[in-house]
Amino acid sequence: MSEVVVGTEIASLELPPISRFTLALYAGASGDHNPIHIDSDFAKKAGMPDVFAHGMLSMAYLGRMLTNWQPQSRLVKFSSRFLTITQLYDVIMCSGKVTEVFEEGGQQRARIEVIAARKDGTQTLAGEAIVAI
Amino acid sequence: MLDRSRIGHEFESFSAEVEKGRLRFFAKSIGETDPVYWDEAAARSAGYRNIPAPPTFPFSLDMDGPELLPVIDFLKMDVSRILHGAQEFEYPGMIYAGDTITVKSKLKDIFDKKSGALEFVVMENSYTNQNNEVVAKSTCTLVYRNA
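Here the protein sequences come in this chain order: A and B.
Residue numbering for the first sequence follows this note's numbering, starting at 1 and increasing by one per position.
Residue numbering for the second sequence follows this note's numbering, starting at 1001 and increasing by one per position.
Because the hints were derived from the structure by calculation, they are not lab data.
Treat the hints loosely; a few may be bogus.
Straight-line C-alpha distance at most 35 Å; calculated DSBU-like pairs for lysine-lysine [to be verified]:
| id | chain 1 | residue 1 | chain 2 | residue 2 |
| --- | --- | --- | --- | --- |
| 1 | A | Lys119 | B | Lys1104 |
| 2 | B | Lys1076 | A | Lys44 |
| 3 | B | Lys1076 | A | Lys97 |
| 4 | B | Lys1113 | A | Lys45 |
| 5 | B | Lys1020 | B | Lys1113 |
| 6 | A | Lys97 | B | Lys1113 |
| 7 | A | Lys97 | B | Lys1114 |
| 8 | B | Lys1028 | B | Lys1114 |
Just so you have them, the derived chain A footprint on chain B, three or more residues with Cβ under 8 Å [unchecked claim]:
| id | segment |
| --- | --- |
| 9 | 1043-1054 |
| 10 | 1086-1100 |
Pulled from the structure, derived: some chain A residues nowhere near chain B, Cβ distances all over 12 Å [unchecked claim]:
| id | residue |
| --- | --- |
| 11 | Lys45 |
| 12 | Ser58 |
| 13 | Gly121 |
Here the structure is a predicted model, which is why all the values come from computation and not from measurement.
Every residue gets a Cβ at the ideal spot worked out from N, C-alpha and C, and that includes glycine.
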């Protein structure tokens, strides 16, 4: 593997547009059956324009990007804040960059800033991962 | 306002089986392209003892108990006003297909911002496998819209 240094960018991941089908599949598979993500009538009654994506779906996309980069067994910590609701038809792009390389627990570890954003650049999730390298 | 006297409550733990088919379905639903997440042989040749649960899967275990998220009823929250604010995971180990995971949850904190217009409910969870190893920990912050 090439050397991991501060500023190293990990391979980004672009997702297909969020569809109702995406949300239905994720609701079933994840066990998050909150109707606000799959039932337009419910979402509208709750004052939302329509159903919207689970925050954890985008966090799972960030997770895919991380485990594409390093095996999951090296993942030490992974966190995310949900900044903006991901709407139907949004195209999400995941990216990550090494911000620190340090030693901890007898391991070399990298701190990675991870971001999910819409095509227009609006950040939807911002988080951090610690990965053993 | 949500009842602050409930802070510190520990919910009854429950156990959930991590089924192989569920992990395959989860992998499909997030568009996973790495076969270790659905093919047992690929997982074993990558050094795993079975198909691994992806990094965010512990959140799905939170909802495998008798209720979607017990804290919703416990604090008498209206599900349509809840948003997910933040999520953190720590991985002292890994979760695999075939594991039985015991999920323990605690109501860690409730606080508000914008003069109570938004309240934050912080849950702390731990995940212990059948060998009594704590394999993951998580902190989940829910946002409750009062206005």
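Hints, verified against the model:
1. A:Lys119 with B:Lys1104: Not satisfied, since the Cα-Cα distance of roughly 38 Å exceeds 35 Å.
2. B:Lys1076 with A:Lys44: holds (21 Å)
3. B:Lys1076 with A:Lys97: Given pair lysine 1076 of chain B, lysine 97 of chain A is violated - Cα atoms ~41 Å apart, limit 35 Å.
4. B:Lys1113 with A:Lys45: holds (25 Å)
5. B:Lys1020 with B:Lys1113: Answer violated: lysine 1020 of chain B to lysine 1113 of chain B is near 42 Å, above 35 Å.
6. A:Lys97 with B:Lys1113: OK: lysine 97 of chain A and lysine 1113 of chain B at ~31 Å, within 35 Å.
7. A:Lys97 with B:Lys1114: Between lysine 97 of chain A and lysine 1114 of chain B the Cα gap is close to 33 Å, so the pair holds against 35 Å.
8. B:Lys1028 with B:Lys1114: Cα-Cα ~40 Å, so violated.
9. 1043-1054: holds (count 5)
10. 1086-1100: With 7 residues closer than 8 Å to chain A, the segment 1086-1100 of chain B meets the three-residue bar; holds.
11. Lys45: violated (7 Å)
12. Ser58: violated (10 Å)
13. Gly121: holds (21 Å)
Taken one by one, the earlier hints fail for this structure at numbers 1, 3, 5, 8, 11 and 12, listed in ascending order.
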